[in-house]
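Asks: This is what each chain is made of:
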Amino acid sequence: MSNTKYILGHFEDPDDLMHGIDRLQENNVSIYDVFTPMPIHGIEDKLGIKPSRLGYVAFCFGITGTLTAFSMIYYMLVYDWPMNIGGKPSFAFPDFVPIMFELTVLFCAFGMVGTYFYSNHLFPGRAPRVMDFRATNDRFVIAIDAKENPYPDKIEDLLKEAGAVEIKYNERKYVSYE
Amino acid sequence: MSSHQESILREPLITGKNITYSKVTEDILVPVENKPNKAWWIGFTIASLGALLWVFAVSWTFWFGIGEWGLNKTVGWAWDITGFVWWVGIGHAGTLISAVLLLFRQNWRNSINRSAEAMTIFAVICAATYIISHMGRPWMFYWALPLPNQFGSLWVNFNSPLVWDVFAISTYFSVSLVFWYTGLLPDIATIRDRATGLRRRIYSVMSFGWNGSVKTWQRFEMVSLILAGISTPLVLSVHTIVSMDFATSIVPGWHTTIFPPYFVAGAIFSGFAMVQTLLLVARKVMNFENYITMFHIESMNKIIILTGSIVGVAYLTELFIAWYSGAEYEQYAFLNRVSGPYWWAYWSMMTCNVISPQLFWFKKIRTSIAASWILSIVVNIGMWFERFVIIVTSLHRDYLPSSWVMFYPSWVDVAVFIGSIGVFFTLFLLFLRVLPAIAMAEVKLLLKSSSDQVKQKQIKEKTVDKDYAEFYEESLNKYDSVSQEAEYAKF
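Protein sequence lines, in the order shown, are assigned to chains A and B. Residue numbers for the first sequence follow our numbering, beginning at 1 and rising by one. Residue numbers for the second sequence follow our numbering, beginning at 179 and rising by one.
By construction, these hints were calculated from the structure, which means they are not laboratory data. By construction, the Cβ of each residue, glycine as well, lies at the ideal position given by its N, Cα and C atoms. Accuracy of the hints is not assured; some may be wrong.
Below are the DMTMM-like pairs computed for lysine to aspartate or glutamate, each with C-alpha atoms no more than 20 Å apart in a straight line [unchecked claim]:
1) B:K393 to A:D15
2) B:K393 to A:E44
3) B:K201 to A:D33
4) B:K640 to B:D658
5) B:K541 to B:E639
6) B:K635 to B:E211
7) A:K46 to B:E399
8) B:K201 to A:D45
9) B:K393 to A:D153
10) B:K195 to A:E12
11) A:K168 to A:D153
12) B:K626 to A:D33
13) B:K201 to A:D13
14) A:K50 to B:E476
15) B:K195 to A:D138
16) B:K638 to B:E204
17) B:K635 to A:D33
18) B:K195 to A:D13
19) B:K635 to A:E44
20) B:K393 to A:E166
21) B:K201 to A:D22
22) B:K393 to A:D138
23) B:K393 to A:E178
24) B:K635 to A:D45
25) B:K626 to A:D138
26) B:K626 to A:D13
27) B:K393 to A:D145
28) B:K626 to A:D145
29) B:K626 to A:E156
30) B:K201 to A:D145
To give an idea of the interface, some chain A residues facing chain B are shown, with a C-beta separation under 8 Å as derived from the structure [to be verified]:
31) M76
32) W81
33) P98
34) A135
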């Protein structure tokens with residue numbers, strides 16, 4: 001037991017998992033993280049995770065795209081090389097709108113997804129930091145740091161009571177993909 | 179929260195008994211984790227022969243020039259642009275399903291969005307190949323980009339819808355790709371964690387190290403929502419801009435303000451028809467009947483009838499406005515469409531797009547798999563004719579009667595078009611083999627709220643009103659994946 005780094009409580013049902021989180025929190029057991037095969041709504045509030053700020057990021061990237069498109073077209077069509085097309089004004093703002101819109105969307109999408117990948121350390125070839133193989137399939141896993149919470153029996157009881165189907169004691173943090 | 183149960187009156191989105199989270203994974207990964215069956219090989223062989231034809235015809239075009247196509251000095255745009263608009267339009271349903279239906283919280287999108295998005299990407303690839311191949315000198319494609327003056331004496335003309343199109347199509351393609359791939363990450367991780375050896379290594383690289391932690395999912399949901407929010411106006415803008423390629427010109431029959439909404443409705447119409455064509459076969463061959471249910475098929479048919487009717491109203495409005503405008507060139511353009519030498523194309527369009535989809539008002543037809551499949555192909559033929567009618571009949575007889583000609587496609591035109599269908603199906607069949615065709619994580623979300631087994635359990639436990647339960651049981655009659663036998667709850 002002393003070598004155990006993480007205790008994993010496996011649940012088969014997301015509602016049991018939520019119940020398990022409640023039980024652990026009532027007993028002041030800190031939860032390291034929860035790994036699930038699908039998003040669980042309401043779990044962030046329970047674990048006290050702050051709302052994501054990606055919306056602001058998306059807005060900033062989007063507005064950058066709008067401004068980039070406007071300045072690019074303005075520079076090229078009005079400032080650098082104004083053309084006389086049938087005597088019409090070269091600063092024809094309505095014609096700028098479609099590309100301003102497209103670049104808003106383009107910058108917003110790529111900027112936001114890039115930020116998401118960056119903040120969650122997602123990139124091609126990254127070694128997956130997965131604690132249990134079944135957490136991406138059919139198990140809802142609560143991970144508890146065994147060093148911070150040195151009372152495995154109590155944790156096991158709490159998890160079992162909440163409906164955990166399996167309790168694992170992992171001596172290394174992540175599973176090996178070798 | 180995940181135990182939120184929806185009303186018993188709603189039809190189930192997942193049927194079958196004893197569906198567990200692991201069963202969802204198993205069922206959906208069958209085609210990915212096993213050797214392909216005979217049906218796949220036959221399909222793949224035919225599709226790749228088509229793709230080879232495309233390679234041959236496009237190489238022919240590049241080698242001898244676009245003079246090999248049936249174009250002439252009056253009709254300078256014909257099959258190429260028809261094919262381009264057709265493919266871009268088909269792509270629209272994928273984005274509509276993944277973005278618009280997400281914003282409207284239509285849960286039935288969860289099991290069809292993945293393959294519809296894949297379809298979008300492959301359709302836009304097919305469309306893009308037309309752009310490149312119709313350039314004549316494709317190695318000069320970068321002239322369409324706003325590059326500094328060393329490449330020529332001028333910047334590109336940003337007043338031109340063709341330049342808007344360059345931005346619209348490339349944004350649409352890349353944003354759809356990002357949306358699709360981000361959504362794939364959790365499912366690729368599932369494959370990774372079940373695979374061994376080299377497969378595991380490949381899927382591990384592709385999974386970007388996804389682990390399904392709370393923070394990952396929280397941000398993932400945010401990203402999906404915002405991508406859906408920006409893709410919705412994007413998809414509308416793309417076909418609007420495609421329609422402006424025509425509408426901002428002064429060619430009779432093109433110069434109308436109705437084009438943007440009319441093109442967008444047509445795009446969604448043809449796109450859903452293509453989704454239907456693909457998924458009705460895929461669900462059968464890959465045994466996805468429990469996940470892509472009759473409810474999905476019927477819902478898509480309802481969208482087809484709605485958009486088909488919008489398109490029908492647009493056709494009639496065009497005719498009326500041509501008469502009402504009093505502009506004789508406009509009037510002639512439409513008279514020529516209806517009764518000129520291309521009358522058969524016009525009436526094929528009318529029959530396939532406006533008349534035959536009305537058959538979906540009959541519930542029997544709407545819930546018949548064979549009828550849905552045939553009508554979906556009819557719609558796609560009709561939508562191809564729509565673009566052909568708009569493009570060729572307007573061009574071949576415009577202001578100068580001495581220049582009036584007919585357009586006849588050459589074998590290269592035909593081969594490029596048939597070949598592009600081959601390219602599309604080759605890509606789609608490969609996709610079915612290597613990536614899950616149904617978004618597993620999203621289907622798992624529905625398991626506890628909208629599956630038949632949960633609703634049956636509620637009925638058995640008598641927690642729902644009896645009348646409602648009867649209504650629900652009745653709605654199951656149309657499901658081909660539900661057998662109406664004694665196993666179901668009796669009242």
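Asks: Are the hints correct? Go through all of them and say.
Replies: Here is what the structure says about each hint:
no.: 1; hint: B:K393 to A:D15; in the structure: holds (19 Å)
no.: 2; hint: B:K393 to A:E44; in the structure: holds (8 Å)
no.: 3; hint: B:K201 to A:D33; in the structure: violated (25 Å)
no.: 4; hint: B:K640 to B:D658; in the structure: violated (26 Å)
no.: 5; hint: B:K541 to B:E639; in the structure: violated (32 Å)
no.: 6; hint: B:K635 to B:E211; in the structure: violated (32 Å)
no.: 7; hint: A:K46 to B:E399; in the structure: holds (17 Å)
no.: 8; hint: B:K201 to A:D45; in the structure: violated (30 Å)
no.: 9; hint: B:K393 to A:D153; in the structure: violated (28 Å)
no.: 10; hint: B:K195 to A:E12; in the structure: holds (17 Å)
no.: 11; hint: A:K168 to A:D153; in the structure: holds (12 Å)
no.: 12; hint: B:K626 to A:D33; in the structure: violated (23 Å)
no.: 13; hint: B:K201 to A:D13; in the structure: holds (14 Å)
no.: 14; hint: A:K50 to B:E476; in the structure: violated (41 Å)
no.: 15; hint: B:K195 to A:D138; in the structure: holds (17 Å)
no.: 16; hint: B:K638 to B:E204; in the structure: violated (28 Å)
no.: 17; hint: B:K635 to A:D33; in the structure: violated (33 Å)
no.: 18; hint: B:K195 to A:D13; in the structure: holds (17 Å)
no.: 19; hint: B:K635 to A:E44; in the structure: violated (30 Å)
no.: 20; hint: B:K393 to A:E166; in the structure: violated (24 Å)
no.: 21; hint: B:K201 to A:D22; in the structure: violated (28 Å)
no.: 22; hint: B:K393 to A:D138; in the structure: holds (19 Å)
no.: 23; hint: B:K393 to A:E178; in the structure: violated (26 Å)
no.: 24; hint: B:K635 to A:D45; in the structure: violated (30 Å)
no.: 25; hint: B:K626 to A:D138; in the structure: holds (13 Å)
no.: 26; hint: B:K626 to A:D13; in the structure: holds (9 Å)
no.: 27; hint: B:K393 to A:D145; in the structure: holds (17 Å)
no.: 28; hint: B:K626 to A:D145; in the structure: violated (30 Å)
no.: 29; hint: B:K626 to A:E156; in the structure: violated (26 Å)
no.: 30; hint: B:K201 to A:D145; in the structure: violated (31 Å)
no.: 31; hint: M76; in the structure: holds (4 Å)
no.: 32; hint: W81; in the structure: holds (6 Å)
no.: 33; hint: P98; in the structure: holds (4 Å)
no.: 34; hint: A135; in the structure: holds (6 Å)
In the structure shown, a violation is registered for the earlier hints numbered 3, 4, 5, 6, 8, 9, 12, 14, 16, 17, 19, 20, 21, 23, 24, 28, 29, 30, in ascending order.
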